[in-house]
Amino acid sequence: MTGGPARPGYDVVVVGGGNAALCAALEARRRGASVLLVEAAPEHLRGGNSRHTRNVRYYHEREDHYLAGSYTEEEFWKDLLQVTGGETDERLARLTIRSSADLGFWMMTNGVRWQPPLQGTLQLSRTNAFFLGGGKALLNAYYRTAARLGVEAVYESPVSDVVAGGEGRGVVLEDGRRVAAKAVVVASGGFEANLEWMAAQWGEAARNFAIRGTPFNRGRPVQALLDKGAKAIGDPKEFHSVAVDARGPQFDGGIVTRLDTVPFGIVVNREGVRFADEGQDFWPKRYASWGGLIARQPGQVAFSLLDSTMAAEFMPSLFPPIEAGSVRELARELGLDPEVVEETVSRFNAAVREGTYDPTALDDCHTAGLDPPKSHWARPLARPPFLAYPLRPGITFTYRCLAVDEGARVLDEAGKPMAGVFAAGEAMAGNILGRGYLAGFGMTIGTVFGRIAGREAAKHALT
Amino acid sequence: MPSPELIQEAERQLTICNACRYCEGYCAVFPAMELRRRFDERDIVYLANLCFECRACYYACPFTPPHDYQLNIPQVLAEVRLQTYAEYTPPRVLSRLFRGNGRLVAFAVAACVLLVLLAAVAVQGSDAVFGEPAAEGSFYQVVPYLAMTLPALALSGYWIWALLAGGLRFWRSTRGSLGDLVDGPSLSKATKDAFGLEYLKGGGEGCTYPDERPSASRRWLHQALVAGILLDFASTTVAAVYHNFLGEDAPYPYLSLPVVLGTAGGALIVGAVLGLAWLKLRADPLPAYRRMLGLDWAFLWLLLLTAATGLVLLALRDTSAMGALLTVHLGIVAALYLALPYSKFAHVVYRYAALVRYRIETARQGRAV
Chain A
1 MTGGPARPGY DVVVVGGGNA ALCAALEARR RGASVLLVEA APEHLRGGNS
51 RHTRNVRYYH EREDHYLAGS YTEEEFWKDL LQVTGGETDE RLARLTIRSS
101 ADLGFWMMTN GVRWQPPLQG TLQLSRTNAF FLGGGKALLN AYYRTAARLG
151 VEAVYESPVS DVVAGGEGRG VVLEDGRRVA AKAVVVASGG FEANLEWMAA
201 QWGEAARNFA IRGTPFNRGR PVQALLDKGA KAIGDPKEFH SVAVDARGPQ
251 FDGGIVTRLD TVPFGIVVNR EGVRFADEGQ DFWPKRYASW GGLIARQPGQ
301 VAFSLLDSTM AAEFMPSLFP PIEAGSVREL ARELGLDPEV VEETVSRFNA
351 AVREGTYDPT ALDDCHTAGL DPPKSHWARP LARPPFLAYP LRPGITFTYR
401 CLAVDEGARV LDEAGKPMAG VFAAGEAMAG NILGRGYLAG FGMTIGTVFG
451 RIAGREAAKH ALT
Chain W
1001 MPSPELIQEA ERQLTICNAC RYCEGYCAVF PAMELRRRFD ERDIVYLANL
1051 CFECRACYYA CPFTPPHDYQ LNIPQVLAEV RLQTYAEYTP PRVLSRLFRG
1101 NGRLVAFAVA ACVLLVLLAA VAVQGSDAVF GEPAAEGSFY QVVPYLAMTL
1151 PALALSGYWI WALLAGGLRF WRSTRGSLGD LVDGPSLSKA TKDAFGLEYL
1201 KGGGEGCTYP DERPSASRRW LHQALVAGIL LDFASTTVAA VYHNFLGEDA
1251 PYPYLSLPVV LGTAGGALIV GAVLGLAWLK LRADPLPAYR RMLGLDWAFL
1301 WLLLLTAATG LVLLALRDTS AMGALLTVHL GIVAALYLAL PYSKFAHVVY
1351 RYAALVRYRI ETARQGRAV
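So the sequences go chain by chain: A and W.
To convert, note that position 362 of the first sequence is 362 in the numbering used here; the numbers rise steadily by one, no gaps.
Here the numbering used here = 1-based position in the second sequence + 1000.
These are calculated hints, taken from the structure and not from any lab test.
Any given hint might turn out to be false.
Below, a sample of chain W positions facing chain A; criterion: calculated Cβ distance under 8 Å [what the hints assert, rightly or not]:
hint	residue
1	CYS1023
2	ALA1060
3	GLY1184
Which stretches of chain W does chain A cover? Using the computed rule of at least three CB atoms under 8 Å from a CB of chain A, they are [what the hints assert, rightly or not]:
hint	segment
4	1008-1021
5	1063-1076
6	1257-1270
Derived CB-CB ranges, DEER-like [stated by the list, open to error]:
hint	chain 1	residue 1	chain 2	residue 2	range
7	A	LEU370	W	GLY1196	56 to 62 Å
8	W	ARG1175	A	ARG435	49 to 55 Å
9	W	GLY1196	A	ARG98	54 to 60 Å
10	W	GLY1204	A	ASP281	45 to 51 Å
11	W	LEU1164	A	GLU43	46 to 52 Å
12	A	HIS65	W	ALA1321	56 to 62 Å
13	A	HIS65	W	ALA1110	30 to 36 Å
We treat Cβ as the ideally placed atom computed from N, Cα and C, and that holds for glycine.
Using the sequences provided together with the hints, build the complete structure.
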């Protein structure tokens, strides 16, 4: 499948190789269009950030084989409104939610399999269905189905330009080759892996960011359209990020670098002092803010400190913790000032007002007279060995993207559709999720808008 | 115990896996892994033998080479399994010699065939072996009844002892006591998992073998192979009953129970082995452990030779080739029995023990696949 496209032109060219791209390709091909999928990554790394996903959130009135109970449009909408703080286009958001109805069935007919309920650590969820084997297994299934239907795919083919409508319409690859297309779907993800662009927003700090997903999300196809007058949505400086193990790789560390240690102990920066309330709220509500908090610390690094009583309370990560017999020794191993760290820990320990520790509730273990405070789950770090995990901001995705309408048509500055150009997935998700994060919702947007874009692109190309 | 470097590498990979857990729907290895935060040698040996090498996790993993994490769970667990077979089955001198060593198996086959042939000629004379059979298929003219059955019984006792002793050593290393085995529900579930080849289902659609497309072919071929072996075992047992209790001596008519069972079993084995070999030839080499393949191939050849020579012997039992064929067949069976505890067949014992451990462990934790 590597090598060049078999033909000089296609009805529909899909730029990208992740979930949204595959959904668009499948839908367009089923409507009779000839389809070429152009993926920047080599075949074994295909699939963008969808490789790292695990579940999809969808609206359903009744329980099905993979979801318990019901998850109504209103409840879904309220969840979205809450996480975005209103930074969402209600029309597109409601369209996404409504179109996600019983998405599980469509996914299954295209080869996706679900994790059986009551298995392993997972209970059947009410809001999110878990695909068997995670995102790469889902992608493999979609690629198999696409190949069977006659979708062509080329790899290692990053796109540098998208030409909308008229003469020369189609895409230009970075190596200069052109592929003609009557319609183009841009599903090439965000630009978080483009560290030069990140540096333009964040300066030197960008060097210390870890990019949790694919190194191939460099944003060129989206930028090419913005340069041609497409309307941008979202703040280019904003991204979704979490605290990841600083020892992980700079790119593609995936889920396994994430650390959930923060609420159990304390977190200090490079200077050895605390800088935020580790126990402000439940971790699922707070974990996404810690990437940004650490990004604003000197050197974009922090250290989660724990004692041995807290060692088994969180999901294990890919590296074992750094251990030492005393706080001083631990600080020395971390390259921090032992005096300062010891002072921070003893001040914290002295401020702890111990209550009834309960990690499942906002308990009454808190600090008094400490700034910043630790509002819940505060317990002294007293029993050796002491443990530490170094933390960095790990960027999941960026928000800035192309403005689209309900037909996934890319809009220009004036709000008019650009002829024959459609967008799906992270390339337009910011229209709906302008801020915050909702688990499995990126896959919802990718699947729903992938399908819309594929359908509309085929319609445009074939009429 | 497997080598410290291998244990360290398996521990590294499993620690990364345990922070991800996306594969937990595929088989028992991942739920068992999730019960642990750290992995010592014993955990790794246990998890390795719980793996059926369905390869689903390999194709689902975003961290396989060339990714920095270099995860290849089926491969590293196969390597641990091979070392388990070599380290656990007594006597260790033999099991280490046989480790993934196809050439040694071939040599053993040749040696056994030669030995049986020479013994038959030396004792019975070359006319008895190479001449026309005195009566139709008179096997005992070539190798007398006791000369055939006593060594067979001794060799059976040997391989059964070696495997049970190895299994027991393995059981203890998974922190199991003999008392643990008094657990009817867990044993029956594990037995069902074993005979149903539950973990060659790849979570439902079939395992990703020989390539990334899920397929049930390997599971069904394996079932055919098991059925063939069981039919042949039944044939031998029925023949023994005929001989010892009913006073009916071999050769039995073509439509007698021992011959029908034996022929069906032999045909199933030949067909299944050829099918499995065909899949193996086309199998993606990346998730495989190369030296385990040596063990696989040697065992497939042994099974094929045993079944095929048995069938040919049956077909030509009235001709002058019978004597030579019988000695060749018996020689191959002798080699099979000798190599059995150090062959791929050892997986029957170690995997079954691992499945029992898994059922006991998850019952205690109150959850299971």
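Evaluation of the provided hints:
no.: 1; hint: CYS1023; result: 6 Å, holds
no.: 2; hint: ALA1060; result: 3 Å, holds
no.: 3; hint: GLY1184; result: 23 Å, violated
no.: 4; hint: 1008-1021; result: holds (count 6)
no.: 5; hint: 1063-1076; result: holds (count 6)
no.: 6; hint: 1257-1270; result: violated (count 0)
no.: 7; hint: LEU370(A) - GLY1196(W): 56 to 62 Å; result: 59 Å, holds
no.: 8; hint: ARG1175(W) - ARG435(A): 49 to 55 Å; result: 50 Å, holds
no.: 9; hint: GLY1196(W) - ARG98(A): 54 to 60 Å; result: 42 Å, violated
no.: 10; hint: GLY1204(W) - ASP281(A): 45 to 51 Å; result: 38 Å, violated
no.: 11; hint: LEU1164(W) - GLU43(A): 46 to 52 Å; result: 47 Å, holds
no.: 12; hint: HIS65(A) - ALA1321(W): 56 to 62 Å; result: 60 Å, holds
no.: 13; hint: HIS65(A) - ALA1110(W): 30 to 36 Å; result: 56 Å, violated
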